[in-house]
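Trainee: From first to last, the protein sequence lines are chains A and B. Here my numbering is used: the first residue of the first sequence is 1, the next is one more, and so on. Here my numbering is used: the first residue of the second sequence is 1001, the next is one more, and so on.
Do not rely on the hints blindly, as some may be mistaken.
Lysine to any residue pairs mimicking SDA-like chemistry, simulated, CA-CA at most 25 Å apart [said to hold, decoys possible]:
id: 1; chain 1: A; residue 1: LYS76; chain 2: B; residue 2: ALA1143
id: 2; chain 1: B; residue 1: LYS1060; chain 2: A; residue 2: ILE46
id: 3; chain 1: B; residue 1: LYS1060; chain 2: A; residue 2: LEU100
id: 4; chain 1: B; residue 1: LYS1060; chain 2: A; residue 2: ILE39
id: 5; chain 1: B; residue 1: LYS1113; chain 2: B; residue 2: PHE1033
id: 6; chain 1: B; residue 1: LYS1060; chain 2: B; residue 2: PHE1033
id: 7; chain 1: A; residue 1: LYS76; chain 2: B; residue 2: LYS1070
id: 8; chain 1: B; residue 1: LYS1070; chain 2: A; residue 2: HIS21
id: 9; chain 1: B; residue 1: LYS1060; chain 2: A; residue 2: GLY40
id: 10; chain 1: B; residue 1: LYS1113; chain 2: A; residue 2: MET47
id: 11; chain 1: B; residue 1: LYS1070; chain 2: A; residue 2: PHE17
id: 12; chain 1: A; residue 1: LYS43; chain 2: B; residue 2: VAL1099
id: 13; chain 1: B; residue 1: LYS1060; chain 2: A; residue 2: ASP24
id: 14; chain 1: A; residue 1: LYS43; chain 2: B; residue 2: PHE1033
id: 15; chain 1: B; residue 1: LYS1060; chain 2: A; residue 2: GLY50
id: 16; chain 1: B; residue 1: LYS1060; chain 2: A; residue 2: VAL5
id: 17; chain 1: B; residue 1: LYS1060; chain 2: A; residue 2: LYS76
id: 18; chain 1: B; residue 1: LYS1113; chain 2: A; residue 2: HIS21
id: 19; chain 1: B; residue 1: LYS1113; chain 2: A; residue 2: ASP24
id: 20; chain 1: A; residue 1: LYS43; chain 2: B; residue 2: PHE1046
id: 21; chain 1: B; residue 1: LYS1070; chain 2: A; residue 2: GLY77
id: 22; chain 1: A; residue 1: LYS76; chain 2: B; residue 2: GLY1030
id: 23; chain 1: A; residue 1: LYS43; chain 2: B; residue 2: LYS1060
id: 24; chain 1: B; residue 1: LYS1070; chain 2: A; residue 2: VAL5
id: 25; chain 1: A; residue 1: LYS76; chain 2: B; residue 2: SER1139
id: 26; chain 1: B; residue 1: LYS1060; chain 2: A; residue 2: MET47
id: 27; chain 1: B; residue 1: LYS1060; chain 2: B; residue 2: LYS1113
id: 28; chain 1: B; residue 1: LYS1113; chain 2: A; residue 2: GLY40
id: 29; chain 1: A; residue 1: LYS43; chain 2: B; residue 2: VAL1032
id: 30; chain 1: A; residue 1: LYS43; chain 2: B; residue 2: TYR1029
id: 31; chain 1: B; residue 1: LYS1070; chain 2: A; residue 2: GLN81
id: 32; chain 1: B; residue 1: LYS1113; chain 2: B; residue 2: PRO1136
id: 33; chain 1: B; residue 1: LYS1070; chain 2: A; residue 2: GLY40
id: 34; chain 1: B; residue 1: LYS1113; chain 2: B; residue 2: GLY1030
id: 35; chain 1: A; residue 1: LYS43; chain 2: B; residue 2: VAL1054
id: 36; chain 1: B; residue 1: LYS1113; chain 2: A; residue 2: LEU70
id: 37; chain 1: B; residue 1: LYS1113; chain 2: B; residue 2: VAL1099
id: 38; chain 1: A; residue 1: LYS76; chain 2: B; residue 2: VAL1032
Everything labelled a hint here was simulated from the structure, so no lab data went into it.
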Amino acid sequence: MWSWVAHRVTGVAIFFFLLVHVLDTSLVRISPEAYNDVIGTYKNPIMGLGEAGLVAAIVFHAFNGIRIILVDFWAKGPKYQRVMLWVVLGLFVLTMAGFLPRHLMHVFGGE
Amino acid sequence: MTTVADPKAPRPPRAKPSRLTTRGNTELYGWVFMRASGVILLVLIFGHLFVNLVAGEGVKAIDFGFVAGKWASPFWQVWDLLMLWLAMIHGTNGVRTIVNDYAERPGTRLVLKSLLYLAFVITVVLGTLVIFTFDPCPSGSPADLLPSFCTAS
């Protein structure tokens, strides 16, 4: 139940990010200056933490999505759905443990 | 407030198929698409995040030169085009499902889905045009903003 709610919430959040992400990336078609100006406003600690949250949402949605596929198509999927939720959370923690230090270093590490 | 029929009651005769019940297998294809595109998107997006946020200097190195350097290669053009289309169809279909679940008034559903499909068309058309009409070395731009291969000749 809560994994289902989290899947919906992360999905909607990622979708709205995607709309903005395509719009701001499209600025490369206007001029290098226009793109760099807008991307420059993202280069601060608040947006850096927002990027970390976005990656967390994507990683959960991705791993939980694989779990949904296994529940649907694997004969033993429904039996192991609860175990697989713990596997999803474990893989989520591992992935974020690999990503966060490096990303936060880029965001807060100065020059 | 509607009441639920007595579960032991005989099943009422099946209504004649109306237009609403003969819409084909569209929802089934959508269900399959969510799963198939989800697997492909996992690979595409994890690769995208690794190359843009983890490898090299990470997020602080992203600027016009970085994007231009990637899109000078057909490999990343195709990668990003696939990602754009699959993610937009996957996401639009997901939000459509959520609108169907929570928006109950027909007018609300129509407005929300019209906005959703409008956003889909604008984003996909804009993104596709940008990927294919993009010039990594626009003339008249300062060389220090451009990828290094622009001045190589």
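Trainee: All the hints need checking, so say for each whether the structure fits it.
Mentor: Taking the hints in turn, this is what the structure says about them:
no.	hint	result
1	LYS76(A) x ALA1143(B)	59 Å, violated
2	LYS1060(B) x ILE46(A)	13 Å, holds
3	LYS1060(B) x LEU100(A)	14 Å, holds
4	LYS1060(B) x ILE39(A)	9 Å, holds
5	LYS1113(B) x PHE1033(B)	19 Å, holds
6	LYS1060(B) x PHE1033(B)	35 Å, violated
7	LYS76(A) x LYS1070(B)	42 Å, violated
8	LYS1070(B) x HIS21(A)	16 Å, holds
9	LYS1060(B) x GLY40(A)	9 Å, holds
10	LYS1113(B) x MET47(A)	30 Å, violated
11	LYS1070(B) x PHE17(A)	21 Å, holds
12	LYS43(A) x VAL1099(B)	34 Å, violated
13	LYS1060(B) x ASP24(A)	16 Å, holds
14	LYS43(A) x PHE1033(B)	36 Å, violated
15	LYS1060(B) x GLY50(A)	14 Å, holds
16	LYS1060(B) x VAL5(A)	33 Å, violated
17	LYS1060(B) x LYS76(A)	44 Å, violated
18	LYS1113(B) x HIS21(A)	21 Å, holds
19	LYS1113(B) x ASP24(A)	24 Å, holds
20	LYS43(A) x PHE1046(B)	21 Å, holds
21	LYS1070(B) x GLY77(A)	40 Å, violated
22	LYS76(A) x GLY1030(B)	24 Å, holds
23	LYS43(A) x LYS1060(B)	7 Å, holds
24	LYS1070(B) x VAL5(A)	36 Å, violated
25	LYS76(A) x SER1139(B)	60 Å, violated
26	LYS1060(B) x MET47(A)	11 Å, holds
27	LYS1060(B) x LYS1113(B)	37 Å, violated
28	LYS1113(B) x GLY40(A)	34 Å, violated
29	LYS43(A) x VAL1032(B)	39 Å, violated
30	LYS43(A) x TYR1029(B)	41 Å, violated
31	LYS1070(B) x GLN81(A)	40 Å, violated
32	LYS1113(B) x PRO1136(B)	36 Å, violated
33	LYS1070(B) x GLY40(A)	19 Å, holds
34	LYS1113(B) x GLY1030(B)	16 Å, holds
35	LYS43(A) x VAL1054(B)	16 Å, holds
36	LYS1113(B) x LEU70(A)	30 Å, violated
37	LYS1113(B) x VAL1099(B)	7 Å, holds
38	LYS76(A) x VAL1032(B)	19 Å, holds
When each numbered hint is compared with the structure, violations occur for hints 1, 6, 7, 10, 12, 14, 16, 17, 21, 24, 25, 27, 28, 29, 30, 31, 32, 36.
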